[in-house]
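Chemist: Quick note, the sequences are listed as chains A and B, same order.
Quick note: to get the numbering used here, add 141 to the position in the first sequence (first position is 1).
Quick note: to get the numbering used here, add 228 to the position in the second sequence (first position is 1).
No lab work stands behind these hints, which were simulated from the structure alone.
Computed from a prediction, not measured in an experiment: that's the story for all the values here.
Ideal Cβ positions, reconstructed from N, Cα and C, are used throughout, including at glycine.
Careful, some of the hints might be misleading.
Claimed, not checked - With a cut-off of at most 25 Å between alpha-carbon atoms, the simulated DMTMM-like pairs for lysine to aspartate or glutamate come out as follows: (1) Lys237(A) x Glu268(A); (2) Lys209(A) x Glu264(B); (3) Lys207(A) x Asp241(B); (4) Lys259(A) x Glu283(A); (5) Lys199(A) x Glu313(B); (6) Lys209(A) x Glu390(B); (7) Lys199(A) x Asp270(B); (8) Lys235(A) x Glu198(A); (9) Lys207(A) x Glu265(B); (10) Lys209(A) x Glu457(B); (11) Lys193(A) x Asp221(A); (12) Lys414(B) x Glu234(B); (13) Lys207(A) x Glu234(B); (14) Lys209(A) x Glu451(B); (15) Lys207(A) x Glu264(B); (16) Lys209(A) x Asp396(B).
Claimed, not checked - Pairwise CB distance ranges, derived in the manner of DEER restraints: (17) Thr378(B) x Met158(A): 38 to 44 Å; (18) Val246(A) x Pro374(B): 29 to 35 Å; (19) Val154(A) x Gly429(B): 36 to 42 Å; (20) Gly429(B) x Met274(A): 50 to 56 Å; (21) Gly446(B) x Met178(A): 57 to 63 Å; (22) Met269(A) x Gly446(B): 28 to 34 Å; (23) Glu198(A) x Thr230(B): 52 to 58 Å; (24) Ala227(A) x Thr356(B): 24 to 30 Å; (25) Thr372(B) x Met142(A): 41 to 47 Å; (26) Ala227(A) x Thr372(B): 33 to 39 Å; (27) Thr471(B) x Val154(A): 37 to 43 Å; (28) Asp162(A) x Arg413(B): 48 to 54 Å; (29) Val154(A) x Gly376(B): 55 to 61 Å; (30) Arg293(A) x Thr372(B): 41 to 47 Å.
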Amino acid sequence: MVVFAPADVQELVDLMMEGFDIADQYRNPVMIAGDGMIGQMMEPVEFKTPVKREIGEKDWATAGTKGKRRPNIINSLYIDPESLEAHNIQLQAKYKRMEETEVRVESSNLDEFKKINKDCKGILTVEMNSGQMIDDVKIAVEGKFPVSFYGRMGGMIPEPDAIIEEVKKIYGGEI
Amino acid sequence: MTVVFEKTKGLTDVETHYCPGCTHGVIHRLVGEALEELGLLDEAIGVAPVGCSVFAYNYFNCDMQQAAHGRAPAVATGIKRVRPENFVFTYQGDGDLASIGTAEIVHAAHRGEKISTVFVNNAIYGMTGGQMAPTTLIGQKATTAPAGRTVEHSGRPIKMSELLATIDGAVFVERVAVNTPANIRKAKRAIKKCFEVQIEGKGFGIVEVLSTCPTNWGLTAPEAMKWLEKNMIPYYPLGNFRTPEEVE
Chain A
142 MVVFAPADVQ ELVDLMMEGF DIADQYRNPV MIAGDGMIGQ MMEPVEFKTP VKREIGEKDW
202 ATAGTKGKRR PNIINSLYID PESLEAHNIQ LQAKYKRMEE TEVRVESSNL DEFKKINKDC
262 KGILTVEMNS GQMIDDVKIA VEGKFPVSFY GRMGGMIPEP DAIIEEVKKI YGGEI
Chain B
229 MTVVFEKTKG LTDVETHYCP GCTHGVIHRL VGEALEELGL LDEAIGVAPV GCSVFAYNYF
289 NCDMQQAAHG RAPAVATGIK RVRPENFVFT YQGDGDLASI GTAEIVHAAH RGEKISTVFV
349 NNAIYGMTGG QMAPTTLIGQ KATTAPAGRT VEHSGRPIKM SELLATIDGA VFVERVAVNT
409 PANIRKAKRA IKKCFEVQIE GKGFGIVEVL STCPTNWGLT APEAMKWLEK NMIPYYPLGN
469 FRTPEEVE
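With the hints as constraints, model all of the structure from the sequences given.
Modeler: This is the structure:
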């Protein structure tokens with residue numbers, strides 16, 4: 142699935158417009174992963190003209206045969222394993238096309254992360270939940286450093302002092 | 229040689245998967261004939277349910293979609309609103325329409341969506357193995373009611389036609405059965421009338437068809453026809469509950 146995570150309200154508006162066209166182009170759901178912060182934020186936004194995409198002819202659509210073609214069927218049920226596998230192969234090819242064409246990310250300070258050397262005593266994951274991303278961080282670290290976690294829940298925001306306390310614990314060998 | 233009967237063009241040549249003695253086949257033929265005789269096949273878009281008739285999309289000879297369980301009226305609403313010039317119908321069983329899809333059918337009727345629904349009521353969940361449905365009769369045995377349905381435990385069977393007839397947006401509501409040749413002829417007339425209501429743009433129409441399930445009722449096909457007549461028709465009386473004239 143194409144998942145967009147807007148950083149502000151302008152991006153939310155831009156991606157929402159584009160999201161409809163992407164869903165139309167690939168015949169695939171598109172998810173806009175907003176959060177409570179963006180949902181409650183008010184900002185002036187500009188409604189830009191979306192870039193036109195080549196959607197292609199919808200010869201699959203159920204619009205009535207008009208007596209000119211065989212009936213079209215729209216469903217997601219494939220009882221026969223052979224046709225279901227063929228459908229899955231087609232879907233995987235589509236997902237690959239989506240990945241090649243639609244992925245867009247902005248990175249920040251990634252080079253700094255690469256500079257971490259063997260003196261590092263551990264990596265602290267700070268989250269506003271009970272630890273959703275900690276496994277992903279462990280995978281990224283590849284076991285080179287211990288990974289610990291500090292989280293608050295219910296919408297409570299981790300305070301800088303509390304995070305520093307956690308860092309001190311790591312540095313002091315407490316965790 | 230004179231042709232006295234031939235298969236309707238409203239059905240494809242695909243062999244159906246229905247159990248022997250099941251009346252879905254009869255009802256499919258009636259719907260196919262109605263579509264053909266009203267000249268709707270080129271414009272029709274049907275929506276299949278989840279349940280025994282899920283594969284209806286392979287059997288009706290027109291454009292078809294298959295909806296999530298109970299959501300056929302919602303999908304049909306979307307299709308009809310985008311393509312008001314097309315004829316849009318749903319084909320649903322009682323597990324689909326009268327249970328998980330109650331909200332969809334009630335609100336589609338309430339909004340007066342210009343769609344037509346063929347509602348096949350066999351008083352049981354057929355495809356999943358004979359579980360009790362909201363339409364299962366009092367005393368009727370089901371795999372989830374081995375001693376028979378009781379009022380104390382499950383309430384009384386829901387009468388969808390009577391319920392929908394209280395809604396102004398539902399301009400055609402009729403209950404029919406397919407247990408005798410005479411009733412089959414009446415059922416076809418009702419289905420055609422229901423479809424004409426949509427063609428004339430009058431509002432939502434539904435035909436409830438009392439149907440048999442010999443497999444899950446544990447009866448032979450002839451016994452099932454008799455059981456329908458003896459048990460279902462007294463509780464689910466046949467007849468018209470609403471015509472466009474009454475609404476006007």
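Chemist: None of the hints should be skipped; say for each whether it holds.
Modeler: Outcome of the hint check:
1. Straight-line distance between C-alpha atoms of Lys237(A) and Glu268(A) comes to about 31 Å, which puts the hinted pair past the 25 Å bound.
2. Between Lys209(A) and Glu264(B), the direct Cα distance comes to roughly 16 Å. Compliance with the 25 Å bound is thereby established for this hinted pair.
3. Restraint check: the Cα-Cα separation between Lys207(A) and Asp241(B) comes to about 20 Å, which is no more than 25 Å; the hinted pair holds.
4. Note on Lys259(A) and Glu283(A): the hinted pairing holds, with a Cα-Cα distance of about 13 Å set against a maximum of 25 Å.
5. A distance of roughly 18 Å separates the Cα atoms of Lys199(A) and Glu313(B); the hinted pair therefore holds under the 25 Å criterion.
6. For the proposed pair Lys209(A) and Glu390(B), the alpha carbon gap of about 41 Å is over 25 Å, so the pair is violated.
7. For the proposed pair Lys199(A) and Asp270(B), the alpha carbon gap of about 18 Å is at most 25 Å, so the pair holds.
8. A hinted pair counts as satisfied when its Cα atoms are at most 25 Å apart, and Lys235(A) with Glu198(A) qualifies at roughly 17 Å.
9. Using a Cα cut-off of 25 Å, the hinted pair Lys207(A) and Glu265(B) holds, with the two alpha carbons roughly 16 Å apart.
10. Taking the CA atoms of Lys209(A) and Glu457(B), the gap is about 43 Å. The hint is violated against a cut of 25 Å.
11. Restraint check: the Cα-Cα separation between Lys193(A) and Asp221(A) comes to about 38 Å, which exceeds 25 Å; the hinted pair is violated.
12. Taking the CA atoms of Lys414(B) and Glu234(B), the gap is about 20 Å. The hint holds against a cut of 25 Å.
13. Taken as a hint, the Lys207(A) and Glu234(B) pair is honoured in the structure, with Cα atoms around 23 Å apart against an allowance of 25 Å.
14. Distance restraint check for Lys209(A) and Glu451(B): the Cα-Cα separation of roughly 44 Å exceeds the 25 Å cut-off, and the hinted pair is therefore not satisfied.
15. Restraint check for Lys207(A) and Glu264(B): the C-alpha separation of about 13 Å stays at or below 25 Å, so the hint holds.
16. A C-alpha spacing of about 38 Å is found between Lys209(A) and Asp396(B), which places the hinted pair above 25 Å, so the restraint is violated.
17. Separated by about 56 Å at the C-beta atoms, Thr378(B) and Met158(A) break the suggested range of 38 to 44 Å.
18. At about 58 Å, the beta-carbon gap between Val246(A) and Pro374(B) misses the expected band of 29 to 35 Å.
19. Hint check: Val154(A) to Gly429(B), Cβ distance near 38 Å, so the stated range 36 to 42 Å holds.
20. Distance hint for Gly429(B) and Met274(A): a CB-CB separation of about 55 Å, consistent with the stated range 50 to 56 Å.
21. In this structure, Gly446(B) and Met178(A) meet the distance hint of 57 to 63 Å, their C-beta atoms being roughly 59 Å apart.
22. Range check, Met269(A) to Gly446(B): about 57 Å between beta-carbon atoms, so the 28 to 34 Å window is missed.
23. Separated by about 45 Å at the C-beta atoms, Glu198(A) and Thr230(B) break the suggested range of 52 to 58 Å.
24. For Ala227(A) and Thr356(B), the Cβ-Cβ distance of about 27 Å falls inside the hinted range of 24 to 30 Å, so the restraint holds.
25. With their beta carbons about 36 Å apart, Thr372(B) and Met142(A) fall outside the hinted range of 41 to 47 Å.
26. The given range of 33 to 39 Å is respected by Ala227(A) and Thr372(B), whose C-beta atoms sit roughly 37 Å from each other.
27. The supplied range of 37 to 43 Å is broken by Thr471(B) and Val154(A), whose beta-carbon atoms lie about 49 Å from each other.
28. About 51 Å separates the C-beta atoms of Asp162(A) and Arg413(B), a value consistent with the hinted range of 48 to 54 Å.
29. Taking the beta carbon of each, Val154(A) and Gly376(B) are about 59 Å apart, inside 55 to 61 Å as hinted.
30. Look at Arg293(A) against Thr372(B): about 46 Å separates their beta carbons, and that is inside 41 to 47 Å.
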